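Trainee: This is what each chain is made of:
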Amino acid sequence: MTKKLRIESLVTGATAVVRLLEKEAPQTCRLIWDSLEQPMVTEGIHAMWVGPELMFVMPKENQKGDPTKLPPENATAFPYPGDVLFMYLPAHGSKHYHDSIRDKPIWDFFIIYGPDPILGGGSCTVWGVVDEGLAALAEESKRIRAEGTKPFRVERLS
Amino acid sequence: MGMGKNISIELLESQVRARARLLDDRAPSTCEAIWNALQSPLEATALHGVWTGRCLEIDLPDSHRTFNADDIPLENATTTPVIGDLLWMYLPGGQARSLFEGAWNVMLAYGPEAVMRTPLGPHPSNVWAEITEADPGFYEACAKQWFGKAERIRIARLG
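As given, the protein sequences belong to chains A and B, one line each in that order.
Counting the first sequence from 1 gives a position; the numbering used here is that position plus 214.
Counting the second sequence from 1 gives a position; the numbering used here is that position plus 239.
In case anyone wonders, no lab produced these hints; they're calculated from the structure.
Note that the structure is a prediction, hence the values are computed from the model and not measured.
Treat each hint with caution, since some may be false.
What the hints assert, rightly or not - 27 Å max Cα-Cα, derived BS3-like pairs, lysine-lysine:
| hint | chain 1 | residue 1 | chain 2 | residue 2 |
| --- | --- | --- | --- | --- |
| 1 | A | Lys364 | B | Lys388 |
| 2 | A | Lys283 | A | Lys217 |
| 3 | B | Lys388 | A | Lys356 |
| 4 | A | Lys309 | A | Lys217 |
| 5 | A | Lys364 | A | Lys318 |
| 6 | A | Lys356 | A | Lys237 |
| 7 | A | Lys356 | B | Lys383 |
| 8 | A | Lys318 | B | Lys383 |
| 9 | A | Lys356 | B | Lys244 |
| 10 | A | Lys274 | A | Lys218 |
| 11 | A | Lys309 | A | Lys237 |
| 12 | A | Lys364 | A | Lys218 |
| 13 | A | Lys318 | A | Lys278 |
| 14 | B | Lys383 | A | Lys309 |
| 15 | A | Lys364 | B | Lys383 |
| 16 | A | Lys274 | B | Lys244 |
| 17 | B | Lys388 | A | Lys318 |
| 18 | A | Lys218 | A | Lys278 |
| 19 | B | Lys388 | A | Lys309 |
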């Protein structure tokens with residue numbers, strides 16, 4: 215059975231559904247699925263380089279598995295609206311991230327919510343696709359840009 | 240007051256201010272256009288850049304679009320600003336899918352890894368002023384706009 219995740223804004227109640235691409239990205243899907251054995255509650259952050267990107271930094275309690283062992287799977291530098299990607303960086307692996315998270319390993323679960331993203335850092339694995347609620351995520355992202363980060367819950371749906 | 244033209248930049252909620260010097264000699268057309276536009280002080284929301292890294296994006300309100308942006312040539316332009324640069328980023332409407340309304344932006348580079356670009360690629364932008372003095376906490380307040388609420392900003396001529 216196809217695995218799906220539900221994303222919910224804890225502020226507005228808006229929801230989206232992500233379908234896992236297990237055939238195309240089996241190892242990354244396993245890591246994400248295992249990591250979401252318990253629902254993830256984390257802040258939705260707007261990108262500052264990629265453009266139309268909503269980013270979730272996965273909290274420590276939702277880090278199950280070894281992301282350093284993941285090969286590129288179904289990767290691209292030109293993601294499409296609705297693509298859900300994963301990137302791992304060791305602590306201090308990039309100057310980019312916010313001061314509050316830069317000193318820890320970063321598990322970056324991110325969603326391309328609109329056209330014209332620029333993945334300046336190269337390619338990342340596309341492990342999921344937003345089947346429902348992409349327009350709602352785009353609205354949430356605009357609100358985050360104007361008002362600041364907002365909490366979301368991400369959980370297994372099936 | 241020193242020689243030349245200066246402006247103040249204030250983040251209204253954080254209550255921090257900076258002073259910037261116009262680069263009349265290097266970017267004369269841009270400086271003239273913006274100085275004239277600042278005949279009355281400008282207040283706008285400083286959104287964080289989304290393709291451009293560590294900079295704030297100040298969309299000039301209609302009240303301050305007092306010049307013909309197509310007449311401003313490239314002058315003292317860069318795609319890789321340094322901290323404290325104020326840039327003019329203009330894109331006519333209708334050219335870019337994801338910025339279809341165009342851009343009339345003053346960009347404030349507040350940290351490293353700022354890059355002037357649009358969805359169409361690198362976008363050389365005129366550096367028309369540079370911050371010469373900033374309150375302690377000014378750049379930190381700018382950086383806070385990434386995770387935090389977009390603040391109102393006020394830009395005004397100084398004597």
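Trainee: Each hint needs a verdict: does it hold in this structure or not?
Mentor: Hint-by-hint comparison with the structure:
{"no.": "1", "hint": "A:Lys364 x B:Lys388", "result": "11 Å, holds"}
{"no.": "2", "hint": "A:Lys283 x A:Lys217", "result": "22 Å, holds"}
{"no.": "3", "hint": "B:Lys388 x A:Lys356", "result": "12 Å, holds"}
{"no.": "4", "hint": "A:Lys309 x A:Lys217", "result": "34 Å, violated"}
{"no.": "5", "hint": "A:Lys364 x A:Lys318", "result": "21 Å, holds"}
{"no.": "6", "hint": "A:Lys356 x A:Lys237", "result": "32 Å, violated"}
{"no.": "7", "hint": "A:Lys356 x B:Lys383", "result": "17 Å, holds"}
{"no.": "8", "hint": "A:Lys318 x B:Lys383", "result": "19 Å, holds"}
{"no.": "9", "hint": "A:Lys356 x B:Lys244", "result": "36 Å, violated"}
{"no.": "10", "hint": "A:Lys274 x A:Lys218", "result": "22 Å, holds"}
{"no.": "11", "hint": "A:Lys309 x A:Lys237", "result": "34 Å, violated"}
{"no.": "12", "hint": "A:Lys364 x A:Lys218", "result": "22 Å, holds"}
{"no.": "13", "hint": "A:Lys318 x A:Lys278", "result": "15 Å, holds"}
{"no.": "14", "hint": "B:Lys383 x A:Lys309", "result": "16 Å, holds"}
{"no.": "15", "hint": "A:Lys364 x B:Lys383", "result": "15 Å, holds"}
{"no.": "16", "hint": "A:Lys274 x B:Lys244", "result": "51 Å, violated"}
{"no.": "17", "hint": "B:Lys388 x A:Lys318", "result": "24 Å, holds"}
{"no.": "18", "hint": "A:Lys218 x A:Lys278", "result": "18 Å, holds"}
{"no.": "19", "hint": "B:Lys388 x A:Lys309", "result": "23 Å, holds"}
Hint violations for this structure: numbers 4, 6, 9, 11 and 16, all remaining hints satisfied.
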